[in-house]
Each structure stands twice: as structure tokens, then as C-alpha cells.
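Colleague: Sequence:
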Amino acid sequence: MANMDVSLKEMMAIDGAIGAAVVDYSSGMALGTLGGSKDLDLQIAGAGNTEVVKAKLRTMESLGIQDTIEDILISLSGQYHLIRPISGRGGKGLFLYLALDRARANLAMARHSLRAIEDKLDI
1 MANMDVSLKE MMAIDGAIGA AVVDYSSGMA LGTLGGSKDL DLQIAGAGNT
51 EVVKAKLRTM ESLGIQDTIE DILISLSGQY HLIRPISGRG GKGLFLYLAL
101 DRARANLAMA RHSLRAIEDK LDI
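Numbered by my numbering, the letters in the sequence shown go through residues 1 to 123 in order.
Derived from the structure by calculation, the hints contain no laboratory data. Do not rely on the hints blindly, as some may be mistaken.
[Claimed, not checked] Simulated DEER-style distance windows between Cβ atoms:
id: 1; residue 1: ARG104; residue 2: ASP5; range: 30 to 36 Å
id: 2; residue 1: MET4; residue 2: SER77; range: 16 to 22 Å
id: 3; residue 1: LEU73; residue 2: ILE123; range: 20 to 26 Å
id: 4; residue 1: ASP24; residue 2: ILE65; range: 20 to 26 Å
id: 5; residue 1: LYS38; residue 2: ASP119; range: 28 to 34 Å
id: 6; residue 1: ALA13; residue 2: GLY64; range: 38 to 44 Å
id: 7; residue 1: GLU70; residue 2: SER26; range: 18 to 24 Å
id: 8; residue 1: LYS120; residue 2: GLY64; range: 29 to 35 Å
id: 9; residue 1: LEU63; residue 2: LYS9; range: 35 to 41 Å
Note that the coordinates shown come from a computational prediction; the quantities given were computed from them, not determined experimentally. For each residue, glycine too, the CB sits at the ideal point set by N, CA and C.
Produce the complete structure using the sequences and hints provided.
Modeller: Right, here's the structure in full:
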């Protein structure tokens with residue numbers, strides 16, 4: 001079991017990582033952040049991506065989809081943004097958020113690493 005600080009450090013160790021956060025999507029508040037830059041305010045990104053998660057959950061409910069979101073990928077010209085809702089051990093209502101430099105990241109490996117980090121995270 002890893003705590004939030006350890007998990008954020010592991011997220012930032014993923015190749016190409018530029019910012020990481022654990023976000024409560026009921027409030028939009030980032031519970032913890034690491035990295036970021038003047039061009040990537042993780043508090044604002046967490047709040048904005050909360051709306052993405054809520055919209056997808058509402059759409060799934062409207063369509064009657066009885067499934068869970070593994071992750072949401074937003075591809076920008078220079079970055080990948082991964083959103084991974086936490087499914088276990090008291091993490092309901094939280095998601096992992098990872099911004100990656102597209103030129104340095106391996107998307108498949110980043111998704112794999114994020115899944116492993118989620119599995120070890122104890123909130």
C-alpha cells in the first residue's frame with residue numbers, strides 16, 4: 001500500500017510526466033499535486049477535468065451503460081492527459097490525473113504504470 005505522496009512521486013517517475021494530481025471529482029479539489037508549470041496549473045486542470053469525468057458518467061448513465069471507466073485520454077498536439085478514476089479501497093469519487101509530454105512519453109507504458117499505481121494507492 002502506498003500513500004498519496006508516494007503515488008504522486010511514482011506518477012512523476014513515468015517517462016514524459018510533467019504533472020500529476022489526485023483529484024476529488026465531487027468537489028473538483030486536488031487533494032495532492034506534484035509537478036506542473038506556469039503553463040500547467042494542476043489545481044485548474046483538476047477542477048476542469050472534474051467536469052470531463054462528470055460528463056462522461058452522466059452520458060454513460062443516460063445510455064444505460066453498466067460499466068466503469070478505466071481511463072480517459074485527452075490528446076493534445078504536444079501532450080497527453082490521462083484521467084483514471086480510482087475504483088477501490090475508499091477511492092470512490094477520486095481520480096488520478098497525469099499530464100505527459102507527448103514527445104517523451106510512451107502512452108501504453110504510462111497507462112500500464114498508472115494502473116499499477118492505482119492498485120497500490122491507499123487513501
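Colleague: For each hint given before, does the structure comply? Return the numbers of the non-compliant ones in rising order.
Modeller: Checked against the structure, the hints that fail are numbers 1, 2, while the rest are satisfied.
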